[in-house]
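Chemist: Protein chains in written order, with my numbering: chain A, 28 to 160; chain B, 621 to 708.
Just so you know, the hints here were simulated from the structure itself, not pulled from any lab data. Take the hints with a grain of salt, since some may be wrong.
In silico EDC-like links for lysine to aspartate or glutamate, alpha-carbon gap of 20 Å or less [what the hints assert, rightly or not]:
1) K634(B) <-> E102(A)
2) K626(B) <-> E649(B)
3) K626(B) <-> E648(B)
4) K634(B) <-> E657(B)
5) K626(B) <-> E674(B)
6) K634(B) <-> D659(B)
7) K626(B) <-> D66(A)
8) K634(B) <-> D66(A)
9) K626(B) <-> E669(B)
10) K634(B) <-> E113(A)
11) K634(B) <-> D148(A)
12) K626(B) <-> D638(B)
13) K634(B) <-> E674(B)
14) K626(B) <-> E672(B)
15) K634(B) <-> E651(B)
Calculated from the model, a selection of chain A residues having no Cβ within reach of chain B, i.e. all distances over 12 Å [as the list claims (entries may be wrong)]:
16) E39
17) G40
18) L59
C-beta atoms are modelled at their ideal positions from N, C-alpha and C, and glycine is treated no differently.
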Amino acid sequence: MYLSAQHVRSLEGAEGLNAFHFSHGAYIWEGLPPQGIPDQDPGMLVAQSITVTPPGNLVRAYLDIVTPDETPWNEIRPAFITFVSEAQGTPLPWIGVVGRCLFRLGMDRGVAAQWQRELADLYRATMAVRVGG
Amino acid sequence: MIGAAKRYSELLTKLLVDRELAGGSLPEEIESHYVEELDRCWWAMTSAEQDEFERTARVEHAVTAPTSLDEEDVTLLDGARTMPRRAA
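Isolated chain A (complex conformation) (with noise of 0.2 Å):
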């Protein structure tokens, strides 16, 4: 599974945050996500929310979260709390794994100046965009 939220800007100014949900099935692994995920393979597309249609927006703030479709809530926030505390103090972008859950965060400077309340907006858009809860 990677869910992927963005917080971008139009070319008129207006501002949101688009949320995607892309499963991988059955497909289960432990620790890093095989090579290719997501990048090359994101998996499909299952569900998205869309505040700022695309295409062409500016990309200021994304959170992508890369775990098997059957990880739970209460495991991923306890390792996405340890994954911004063992990045924090290290210039952003921050990649890094916590059990099998990978984050990548990364933020424009205008952004980072609110970066707690902006990564809380983020995580909170790909629970909400996530299919099943």
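With the hints as your guide, set chain B onto chain A.
Modeler: Then chain B, alone, in the frame of chain A:
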């Protein structure tokens, strides 16, 4: 920063992020757990480490980021198997 000081910094970030994810506040028992652990780490630090933490905390809780990500989003239809963004 090593040992208790590093642990203290990580715990503080965890607390702040956990609060944000919860919408601004945590249940009292979770907040208390963090505070107890932070307190334990604080008193395990040397006075020099405590001074150093207080001096640098504001800087360390800021993050360094690029001026632009140089990426744009793309239109996807249900069933798509491509990434939702690409290099601009």
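Chemist: Straight-line Cα separation of K634(B) and E113(A) no greater than 20 Å?
Modeler: Holds. K634(B) to E113(A) sits at ~9 Å (cutoff 20 Å).
Chemist: Hint check: K626(B) vs E648(B), CA-CA at most 20 Å. Holds or violated?
Modeler: violated, 25 Å
Chemist: Is K634(B) close enough to D66(A), meaning Cα to Cα at most 20 Å?
Modeler: violated, 28 Å
Chemist: Does the structure keep K626(B) and E669(B) at a Cα separation of 20 Å or less?
Modeler: Holds: K626(B) and E669(B) sit about 10 Å apart, inside 20 Å.
Chemist: Under the criterion that the straight-line Cα-Cα distance not exceed 20 Å, is the pair K634(B), D659(B) satisfied?
Modeler: holds, 14 Å
Chemist: Against chain B, does E39(A) keep a CB gap of more than 12 Å to every residue?
Modeler: holds, 14 Å
Chemist: Against the 20 Å threshold, does the CA-CA distance of K626(B) and E672(B) hold or violate the hint?
Modeler: holds, 12 Å
Chemist: Below or equal to 20 Å on CA atoms is what counts here, so check K626(B) against D638(B).
Modeler: holds, 18 Å
Chemist: Are all C-beta atoms of chain B more than 12 Å from that of L59(A)?
Modeler: Check passes; 19 Å lies beyond 12 Å.
Chemist: Regarding the pair K634(B) and E651(B), is the alpha-carbon distance no greater than 20 Å?
Modeler: Distance ~11 Å between K634(B) and E651(B) Cα, so the pair holds.
Chemist: What's the verdict on K634(B) and E674(B), does the C-alpha distance respect the 20 Å limit or exceed it?
Modeler: holds, 18 Å
Chemist: Mind checking the alpha carbons of K626(B) and E674(B) for me, to see if they're no more than 20 Å apart?
Modeler: Judged against 20 Å, a Cα distance of about 13 Å means the pair holds.
Comparing the model with each numbered hint stated earlier shows that hints 2, 3, 7 and 8 do not hold.
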